[in-house]
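Colleague: First residue of the sequence shown: 1, per our numbering; consecutive thereafter.
Hints should not be assumed to be uniformly reliable.
As the list claims (entries may be wrong) - Result set (BS3-like, lysine-lysine): computed pairs, CA atoms no more than 27 Å apart in a straight line:
#1 Lys59 / Lys119
#2 Lys218 / Lys50
#3 Lys171 / Lys160
#4 Lys157 / Lys50
#5 Lys171 / Lys157
Stated by the list, open to error - Here are the computed distance ranges between Cβ atoms for each label pair:
#6 Ala211 / Thr180: 45 to 53 Å
#7 Ser219 / Pro108: 24 to 32 Å
#8 Ile210 / Asp151: 37 to 45 Å
#9 Ala211 / Gln159: 52 to 60 Å
Please keep in mind that the hints were generated in silico from the structure rather than gathered at the bench. Built from N, CA and C at the ideal position, the CB exists for glycine as well.
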Amino acid sequence: MQRPPFIPRWKALSLALALAGGALPSLQAQSLVDLYTSARSFDASYQSAKSQFDANLAKSAQARAAILPTANFALGASRSNQEVLPQPERSYGSQTATISASQPLYRPANWASYEQGNKQVALAQAQLQAAEQDLIVRVSQAYFDVLASTDSLAFVKSQKTAVAEQLASAKRNFEVGTSTITDSREAQARYDLVIAQELAAENDLRVKTIALNQLVGKSDAAPKPLAAPVVLTPLEPADAEAWVQQ
């Protein structure tokens, strides 16, 4: 039985793919498509839906075979020798070939099984498509969560550098008597706060990275950073109602 066509619905996430496609090249980093491909072979929900689809497809092929004509072919050959004295020995050979075909005219049970198999395949295919779309959403969310956490950590680190310079300046000014102890303590408080923010950002990035690794079945998933500026291709169709109808 010919396998029904199965086309993943990537349109709903063309924005995410466009962003990931514009990422900067990196030796170890992976694109969104790379990580999604890895997740397809690892995610239990998707693999379960795919196995169910393949099983129903095989059952449908068996049910279809039960309503098709059957053909039989047979080939035979024989040879005999006859010796009647005083005549010389004579040899006789014969070959036979038969072919037959049959088509049951009425087998309601077979037709019912065939129709049921087709419906089960259609249902399993819809479930597989839903599982695929769900996986696309989950991988995309985890992918961009890591990128967002990476940007947040980079921003906090830049703040830390600036606040550290302010703290050093406040201490020098206090030592030479151009500022008060209050100014120095306020600068120290700002520095302590940014240190706490840095620790929180590092922990958040660690959690988001672990979540992505578990989803795609890797221990070193590293999304490619986005290029700046990002140029997005317009969505087709542009009408939101058309997407709702799909």
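Colleague: I want to verify a distance hint. Is the separation of the beta carbons of alanine 211 and glutamine 159 within 52 to 60 Å?
Modeller: Check failed, 25 Å falls outside 52 to 60 Å.
Colleague: Using the beta carbons of alanine 211 and threonine 180, state whether their distance is inside 45 to 53 Å or not.
Modeller: holds, 47 Å
Colleague: Per the hint of 24 to 32 Å, is the separation of the Cβ atoms of serine 219 and proline 108 within bounds?
Modeller: violated, 56 Å
Colleague: Please work out if lysine 171 and lysine 160 have their alpha carbons no farther apart than 27 Å.
Modeller: Roughly 16 Å between the alpha carbons, so the hint for lysine 171 and lysine 160 holds.
Colleague: How does the Cβ-Cβ distance of isoleucine 210 and aspartate 151 compare with 37 to 45 Å: does it lie in that range?
Modeller: Because 18 Å falls outside the window, the suggested range is violated.
Colleague: Take the C-alpha atoms of lysine 171 and lysine 157, compute the straight-line distance between them, and say whether it is at most 27 Å.
Modeller: holds, 21 Å
Colleague: Does the structure keep lysine 157 and lysine 50 at a Cα separation of 27 Å or less?
Modeller: Roughly 44 Å separates the two Cα atoms, so the pair is violated.
Colleague: Given the hinted pair lysine 59 and lysine 119, is their Cα-Cα distance within 27 Å?
Modeller: holds, 11 Å
Colleague: Taking only the CA atoms, is the gap from lysine 218 to lysine 50 under or equal to 27 Å?
Modeller: holds, 21 Å
Consistency note: the structure conflicts with the earlier hints numbered 4, 7, 8 and 9.
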